[in-house]
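Student: So the chains spell out like this:
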Amino acid sequence: MNKLMGWKELPPCDQLGAKTAEAFETGDWRLGEKPVWHPEICIQCLICWISCPDSAVNVKDSKMTGFDYKHCKGCGICAYECPVKPNKAITMEKESSFVRLRRTSEDK
Amino acid sequence: MATAAKTGNEAMAEAMRQINPDVVAAYPITPATEVVMIFAQFVADGLVDTEYIPVESEHSAMSACVGAATTGARVMTGTSSQGLALMYEILPIASALRLPIIMCEVNRALSAPINIHCDHSDTMAARDFGWLQIFSENAQEAYDNLLQAVRIAEDPRVLLPAMVTTDGFIISHGMEKIEILEDAQVKEYIGEKKAPYSILDVDKPVTIGALDLTDYYFEHKMPVNEAMKASKDIILEVGRDFGKRFGRNYEFFEKYKIDDAEIAIVALGSTCGTAKVAIDQLREQGIKAGMLKIRVFRPFPAEEIAQALSKLKSIAVLDRSDSFNTQGGPVFTEVCSALYNSTSRPKIINYIYGLGGRDINVSQIKGVFSDLLKVEKMPIINYLGVRQ
Amino acid sequence: MATLKELSTRKDPLTGGHRACSGCGFPQIVRMVCLASKYPVVVVAATGCLEVTTTIFPYSAWTVPFVHNAFENAAATLSGIEAAYHALSKKGKISKKINFVAFGGDGGTYDIGLQSLSGAMERGHDLLYVCYNNQAYMNTGVQRSGATPTGANTTTEPAGKIKQGKMEKRKDLTEIIVAHNIPYAAQATVGFWADLTRKAEKAFSITGPKFINVLQPCRLGWQYKPEETMAIGRLAAETCFWPLYEVENLPGRQAGGKYKVTYKPKEKKPAVDFLKKQDRFRHLFKPQNAGLLEEIQKEIDLRWQELLLKEASSSKALAKEEKA
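Residue numbers (our numbering), protein chains in the order written: chain A, 1 to 108; chain B, 1001 to 1388; chain C, 2001 to 2324.
It should be emphasised that the hints constitute simulated quantities derived from the structure, not laboratory data. The beta-carbon is built from N, C-alpha and C at its ideal position, and this holds for glycine as well. Some clues are possibly wrong.
Unchecked claim - Keeping only pairs whose Cα atoms sit at most 16 Å apart, straight-line, the calculated EDC-like set for lysine to aspartate or glutamate is: (1) K8/A - D1215/B; (2) K60/A - D2012/C; (3) K2011/C - D1203/B.
Unchecked claim - Simulated restraints, written as ranges between beta carbons of each label pair: (4) P1196/B - K63/A: 38 to 46 Å; (5) K1229/B - K2161/C: 18 to 26 Å; (6) A1302/B - E9/A: 24 to 32 Å; (7) T65/A - P2270/C: 37 to 45 Å; (8) L2302/C - P86/A: 49 to 57 Å; (9) E2168/C - A1302/B: 33 to 41 Å.
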């Protein structure tokens, strides 16, 4: 676990910095399945991006570029919502059984 | 400086007008209503630049004050009794978030029974919420304390919310002659508010009011303690500076004929005015009576109070509220605690008086002093002025 | 209206790394609403799932300024911020245009937060209040709220041997807020991103108090598979369990406000299609509860008809005005 701050090290006036949760890797919440992107059939509709509860669909220049596996919880909404037929551009596939013990990127 | 005839409420409203806060969010309640009512007229007449939010309850008043204060704006409100009670949920939030909100608190009894008159139960019940609490004896002090509260609360070493109190009806509605500063003097005295951050600074976004689990809550309460400790020096600095600039000096408490006294009372608020008359009369009879009038109740200046009282023979602490702990009122408890470790300690007894606006007069106070002359025969806890 | 491509170029209000359940529905609501704003936003949230999961010290998932005060006062807190913004703007201390948004769950909005919301709407503050409505106090373990629908199983009104879950009808908060005569009130669902985003955009383009009540399926409290959150959100509209509509009361409005139903299903699906997908209604499918299912369908139909009537009379009035 990362070192806890003493009260003298706290940001003043009960402030908490923006975007600090990025360091907390919820990717280890996945239960053995992860979304896999098939770019060759992706129509770049971005519905997966807006439907993701964890902001884990990476987008650059208005194009989907893949998943943020450090934060993806494997809920499967993206795959479910993907409109591409007959094969979806996102499928939920088995992940290796390796379990990450690290909780945050601050851990050594 | 100008002389004016003002009630306590009018004096506070006048101070508010001169402070010209950015935001006032308030809800009416007797006997504090007039403070914000008079202020609302100032708003309507364009005499202030304040954004005035006529909220739908005191809970929303304090909530809106907290919101407004996160922008770095200067924020004020006013209330009493049930209104303060309705704010209780948000008061510790304001102090932990280090927001220097200034409140005009007109002391009034807490229900039940419902009573609109003066006692200190409302303010005393809020003593553990991390707010600075300053008691005013009269309208002049109410005016002066409000101006000083802005300087104290906003000091970067403090950053705590403050309530300046007056006694309901007795002071809030009693007309007195007071000295008022020029608008320009007040403006220069309080200066511009400088806050450590602003929630409106969208380029430097910040999260306020996070959830703490067991691993961080305790640490987050420590800065409130530190700020309270730091506020002691600043309260004295500001009070003495006020004296230099405007001729009226302020400290943690006022010592009234106590330096050579043998018996003394400790009291807060308007009762001290009555007590001064009683003490003068007793002195004429050769009785060495004195009084410690506590002005600053939070932080509680324990060391300084102990020093002021330790050489006395006996003391009566007057509490205008009851803790219902069967051990005495809040002021009594804290004064005893302050003196506990002193090498010399007077005998201390407690009088709970004046609840629900029950009057206290000169002869009753003189009665307390004659009790002190036979203190070894007195019970520790006494109820003064109640019919058995 | 902004396309998804355009929205994707704006600043996402949330990062990953928050502790909302896998398959949750409210982060999408927050993202859709905040992304719809052309200007920077300042957000206030009531105590609840949203606030608790996104701000566990020392981790905040917010990329925009965020304040949490208490449970029932998101609207009052935001009122204070908005007033201070005006005070500071008048003094020239701030010149940026900022949009103010409050998010409260149905707990902090329908029940304990109703007073502070009502006050803020009545006072005319320029802010948008969004209720993420998952129809129970989810954060504290699925207790019933004024938004809980008839027949739902919650931990404080559970289905048991003699009671079948919540028997009372849910409050129509959207109509309560419409009665405050604010310029814009709407109902939306997380399942239809375009409808919600358009409504948020419209709200942000109006000065004054605005309110959007967004249905948010909750996989934990409603009990369904997490990947179906958006789909169940759509089903709620397709069965008219949760109609999508908006009410405008802009300056120069006609009597009664302008009602517009923004989604009319081509084929109105039966309520059971929605109910059977969620275990919180499982007990309703016991044979002895057939009568209850009928009542639920009747109530949905009635409210839908009432809404259509309001829309019709609203267009009639509008047509009369235009003729005159």
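Student: Each hint needs a verdict: does it hold in this structure or not?
Tutor: Cross-check of the supplied hints:
no.	hint	result
1	K8/A - D1215/B	holds, 15 Å
2	K60/A - D2012/C	holds, 12 Å
3	K2011/C - D1203/B	holds, 12 Å
4	P1196/B - K63/A: 38 to 46 Å	holds, 40 Å
5	K1229/B - K2161/C: 18 to 26 Å	violated, 59 Å
6	A1302/B - E9/A: 24 to 32 Å	holds, 29 Å
7	T65/A - P2270/C: 37 to 45 Å	holds, 41 Å
8	L2302/C - P86/A: 49 to 57 Å	violated, 41 Å
9	E2168/C - A1302/B: 33 to 41 Å	violated, 55 Å
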